[in-house]
Amino acid sequence: MTETTDNQTQIDAIWNALQTVTDPEIPVISVVELGIIQDAYLDNGNATVEMCPTFAGCPALDVMRDNIRHAVRAAGFDAVDVKVVYDPPWTTDRITDEGRRKLKEFGLAPPTQCGGSPVTEALIKDTACPFCDSKDTNLESIFGPTLCRAIHYCNSCQQSFEQFKPV
Amino acid sequence: MSDLFNLKNLPTDLKPAVVDLLYRLADDSILIGHRNSEWTGIGPILEEDIAFSSMAQDKMGHAAAYYTLLHELGEQDPDTLAFMRDAHDFRCCQFVALGNIAPDAPAESPDNCNNPTRDRLMAHGDWAISFVRQFLFVQADVVRNSALESSRYDPLASLCRKIRGELRYHTMHAESTLRHLAHGTDDSRDRIKKSFVYLWPYALGLFEATAHDQALADACICPTQADLQREWRARIDPMLADAGLTIDESVQPKFGGRTGKHEQALVDALADMQKVYRLEPTATW
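Chains as they are written, first to last, in numbering that gives the first Met the number 0: chain A, 0 to 166; chain B, 0 to 284.
What the hints contain is simulated information worked out from the structure, not anything from laboratory work. Since the model is a prediction, treat every value here as computed from it, not as a measurement. Backbone N, C-alpha and C fix where the C-beta goes; we use that ideal spot for every residue, glycine too. Any given hint might turn out to be false.
Now the in silico label distances, taken between C-beta atoms and shown as ranges [to be verified]: (1) A/T19 x B/A122: 48 to 54 angstroms; (2) A/P26 x B/H87: 29 to 35 angstroms; (3) B/G243 x A/E97: 36 to 42 angstroms; (4) A/P87 x B/G255: 38 to 44 angstroms; (5) A/T95 x B/A146: 32 to 38 angstroms; (6) A/C131 x B/P237: 36 to 42 angstroms; (7) A/V83 x B/E148: 40 to 46 angstroms; (8) B/A146 x A/C131: 34 to 40 angstroms; (9) A/A73 x B/A122: 21 to 27 angstroms; (10) A/A73 x B/P237: 52 to 58 angstroms; (11) A/N15 x B/C112: 39 to 45 angstroms; (12) A/V83 x B/M83: 47 to 53 angstroms; (13) B/T245 x A/F130: 44 to 50 angstroms.
Only pairs whose alpha carbons sit at most 30 angstroms apart, straight line, appear in this in silico DSS-like list of lysine-lysine [claimed, not checked]: (14) A/K134 x A/K124; (15) A/K101 x A/K124; (16) B/K253 x A/K82; (17) A/K82 x A/K124; (18) B/K14 x B/K193; (19) A/K82 x B/K193.
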């Protein structure tokens, strides 16, 4: 095996380990699917993971950072460095299609894609119910039980639901 | 565009100015966060309880991020900066430290023997003051944040570009709630008016220029406070007019906070905010 492929195998192993780390508040979605892993590489043999925080005040971040460290260590890397980077800023557009599918399955409406434009109330209002897919819904509150969630009400199945809000 | 500054190439003569700027940002953020968090569990309606709690959590997160930038520049660790400094060390404006209670509220309040601050807030708290402050603050916050997104001090610019999306929700909340209250009932209109008159001189204190004002502007790190204030006014004047709020241009700003001169309100806020940490500063959390 050449050194490059060996390197690539190790980097793949880091990404596979990251795929097992989930958001403690939404345990179905991995940090990779959430789009918070900016890069994973080897630095002098040390596994280095660059992570973009979702919301600056999100208490799940420290837990995710620790869990990333443990998972990568368990994959055979003795030294693991998890770096928090702000550039590029994380936005919900970074959540993968698979991640969006899992959010919906979990009962959370996935965030509307905003393509870099600022989020408006109109953009959040147009949210389909994750349970019955109806678009006949009302935005109840742009703030919810966690920093990343908004609260809606579905007029069709008559229950409230939460959305992973776009940022 | 001139070269960006980072941790390694920040000129020594600019460092005190950047440190001062970061203290102002961090201390404003943690104090407005702390004051807004006082409504958690006792907000006037559930939606506002959740909104104030969420915005408080966001601002605490921003404060932690600014304190981290300070730590990278050689200041103490974020927890020590937040919880072990005294009022005269803080560089927030007096505006963010004000309590959520009208100055003419009765001095007496019930004593349920467990949490005097909360007992007093439940008896005499005025959410109109908290909301009008939040409106005026977030409009300044967003003006400042958007200017700093292109700051020549790159670690700060990156952080501000990250914070931008979060602040969108704060401005959405502030603007729609102001419209609701202003076009609501006589009571809601009277209460925002009364709060606005009380808060306005303090709000102007957000833009107190420090000794580093011109140096920061010359280095393209942060616009002057006068420029930021102009932009803030351009943003809020139409919204205030729509809400029937008239600005008294003769009002003298409440300055002092940026040089560590504070009212009792900050001392009281810190006593609550730092109480648990100071019981056992070496504890790990």
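How the hints compare with the structure:
1. A/T19 x B/A122: 48 to 54 angstroms: 51 angstroms, holds
2. A/P26 x B/H87: 29 to 35 angstroms: Violated, at about 46 angstroms.
3. B/G243 x A/E97: 36 to 42 angstroms: 50 angstroms, violated
4. A/P87 x B/G255: 38 to 44 angstroms: 39 angstroms, holds
5. A/T95 x B/A146: 32 to 38 angstroms: 33 angstroms, holds
6. A/C131 x B/P237: 36 to 42 angstroms: 41 angstroms, holds
7. A/V83 x B/E148: 40 to 46 angstroms: Since A/V83 and B/E148 have Cβ atoms about 19 angstroms apart, the given range 40 to 46 angstroms is violated.
8. B/A146 x A/C131: 34 to 40 angstroms: 45 angstroms, violated
9. A/A73 x B/A122: 21 to 27 angstroms: Between A/A73 and B/A122, where Cβ atoms are some 54 angstroms apart, the hint is violated.
10. A/A73 x B/P237: 52 to 58 angstroms: At 57 angstroms between Cβs, range holds.
11. A/N15 x B/C112: 39 to 45 angstroms: With Cβ atoms ~56 angstroms apart, the hint is violated.
12. A/V83 x B/M83: 47 to 53 angstroms: Taking Cβ atoms as reference, A/V83 and B/M83 lie about 23 angstroms apart, which means the hint is violated.
13. B/T245 x A/F130: 44 to 50 angstroms: Holds: the Cβ-Cβ distance is about 48 angstroms, inside 44 to 50 angstroms.
14. A/K134 x A/K124: 10 angstroms, holds
15. A/K101 x A/K124: Satisfied, since the Cα-Cα distance of roughly 21 angstroms is no more than 30 angstroms.
16. B/K253 x A/K82: Measuring from Cα to Cα gives roughly 41 angstroms; hence the hint is violated.
17. A/K82 x A/K124: Roughly 35 angstroms between the alpha carbons, so the hint for A/K82 and A/K124 is violated.
18. B/K14 x B/K193: Violated, at roughly 41 angstroms.
19. A/K82 x B/K193: This hinted pair is violated, its Cα atoms lying about 48 angstroms apart.
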